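Produce the complete structure using the sequences and hints provided.
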Amino acid sequence: MNFLATLVAAYVAFALELGLRQALALGGGNAAPSFVFALAIVIAVAAPPGAVLWTFLLFGLLTDLTWPQEAIGGVRSFAIVGPYALGYLVAAQFVLSMRALIIRRNPLSLAFLCGVGYLVAQVVVVALLTFRSSYTPIEWNPTQQLLWRGGGALYTAMLGLLIGLIAGPLTSALGLHQPPQRRSTRALY
Amino acid sequence: MLLPATVLSLVVLSMFPDSWLRWVQPFANLSTALLTPGSAVVSMGARWLMPERRDPAQSETERVLREESEHWRTLYLRGEAVNERLRRQIEDLQRGLSFHADLPVRQLLVPVVGASSDLASGLLRVRAGESLGVTPGTVAITSGLQIVGRVSSVSGPTSLILPFSRKAAGRVGGRVMVDEPNNVGVRCLLEPLGDGRFRGQLEAVTATADSPAPPPPEVGNTVRLDDDRWPASAQMFIIGRVESVETDPSSPLRTSVIVLPNVNIERVSEVTLRLVGDLPATPGGSR
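Chains as they are written, first to last, in the working numbering: chain A, 1 to 189; chain B, 1 to 287.
Rather than coming from a laboratory, the hints here were simulated on the basis of the structure.
These numbers were taken from a predicted model, which means no experiment stands behind them.
Please note that a few of the clues may not be correct.
[Said to hold, decoys possible] Here are some of the chain A residues that sit facing chain B, going by a computed Cβ distance under 10 Å:
1) ALA71
2) TYR84
3) LEU129
4) THR136
[To be verified] Derived list of chain A stretches under chain B, where covered just means 3 residues or more per stretch with a C-beta under 8 Å from a C-beta of chain B:
5) 11-18
6) 30-37
7) 51-59
8) 77-83
[Stated by the list, open to error] Here are some, though not all, of the chain B residues that point toward chain A, as calculated from beta-carbon distances under 8 Å:
9) LEU10
10) SER14
11) ALA28
12) LEU35
13) SER43
14) ARG267
Glycine included, every Cβ here is placed at the ideal spot set by N, Cα and C.
Structure below.
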């Protein structure tokens, strides 16, 4: 895994996440694709397990740090460390257990992992924030959040499908191992 | 061994009350400062490709003239509100209370350089920080004197604005201008619904011999800010327009209004910050 190339790709993904997400949001501005998670999945499909876990953890930690929480009633915001870092870590474990069962070079596989993996991560985020909301002054409706994040998971799956089409060159650029072509399957790129 | 220890620390940290996590803020500020240049470029590109929707029937000159007329109307209404406040202050002074003169207001047009990494947070990040005199509570408006919200935190060269249409921003006092040419308005307390709109019940006004009952609210009436918890310099700015008028099921004699801001608050590309006081002195002293 090329550390420098991964760093550059992560910077671009975070810039897209922070700058473009609002513009692409659907459903009253509450469901949007996650560029960071899609990149993490591209890495997860081909990188060694240890690197996958640490990459997801760091991406999650950065997402937590760039997610200021709105305090109810007051003119105040604060950062919470943990929800996304743990959510992404659980998603990483899920992807690692799934990647042996899928056709890695098929864009549909990437779309599936993006959608389901993102949903797994969001369930953890919602669970932790729901627990926190009992003693932290934040506006939080778990059912609504799960619905919106479910929409986000579908949207991320669609993004995964698009990224799946360029996953080959992207994986090479990140210095990741290309899985050997199976005789029984036909690659789409 | 390192990974389980990190996971355990994160589990513990994620449960900490927010007051115990203040030390995290410098790291959040640092990561934001590093990522803001990239997100600002992407944000500008996105807004260039997908600009805000404007009324196609309205020309640029018409828009500017409307904005000018709105500006002077706001100043007039605020003047009236100031007169009313001064009258009250004179009464207070006569009872021995102190008087604070109004501070000067500077306006600063700043671009929105990004949002949050999670859409559950509607905070807008703008490129203006402490060096320009931005402080928590600074009011942000956009074109047409439409209120956007207030600054919730300032971190280095950027600030976060909490849109006033977010539920976390809480209720806001407004005045439905039921007869705008004659400056007749009815007060109401508006509550954000979470989808960008507000709902509020109108204050009951009893007719007297001197002042007749105001006309009922109608769809399209302008709603202006009239809330003592907001700075005086922001009073009478526009909250939005009445989208619908309904009778409150819990109290049939009361009328409720649904108010929609004139612009999509969470999609604004730039805002005007209204800073109270003079520009802060730069560190190191004057030359």
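Outcome of the hint check:
Among the interface hints, the one on A:ALA71 holds; its C-beta lies about 7 Å from the nearest C-beta in chain B, closer than the 10 Å criterion. Using the Cβ-Cβ criterion of 10 Å, the hint placing A:TYR84 at the interface with chain B is satisfied: the shortest such distance is roughly 8 Å. Interface restraint check for A:LEU129: the shortest CB-CB distance to chain B comes to about 8 Å, inside 10 Å, so the restraint holds. The restraint placing A:THR136 at the interface with chain B holds, with a minimum CB-CB distance near 5 Å, inside the 10 Å limit.
For the stretch 11-18 of chain A, the proposed coverage by chain B is satisfied: 7 residues have a C-beta within less than 8 Å of a C-beta in that chain, meeting the threshold of three. With 4 residues carrying a beta carbon less than 8 Å from a beta carbon of chain B, the stretch 30-37 of chain A meets the three-residue requirement, and the given coverage holds. Look at the stretch 51-59 of chain A against chain B: 3 of its residues bring a Cβ nearer than 8 Å to a Cβ of that chain, three or more, so the hint holds. Coverage of the stretch 77-83 of chain A by chain B holds [criterion: at least 3 residues with CB-CB distance below 8 Å; count 7].
A least Cβ separation of about 5 Å between B:LEU10 and chain A falls short of the 8 Å threshold, and the interface hint therefore holds. Residue-level restraint check for B:SER14 holds (minimum Cβ-Cβ distance to chain A is 2 Å; threshold 8 Å). For the restraint placing B:ALA28 at the interface with chain A, the shortest Cβ-Cβ distance is roughly 4 Å, inside the 8 Å limit, so the hint holds. The beta carbon of B:LEU35 is positioned within 8 Å of a beta carbon in chain A (closest approach about 5 Å), and the interface hint is therefore held.
At about 4 Å, the closest approach between the beta carbon of B:SER43 and any beta carbon in chain A falls short of 8 Å, and the interface hint on this residue holds. Hint on B:ARG267 holds. Least Cβ distance to chain A is approximately 7 Å, under the 8 Å limit.
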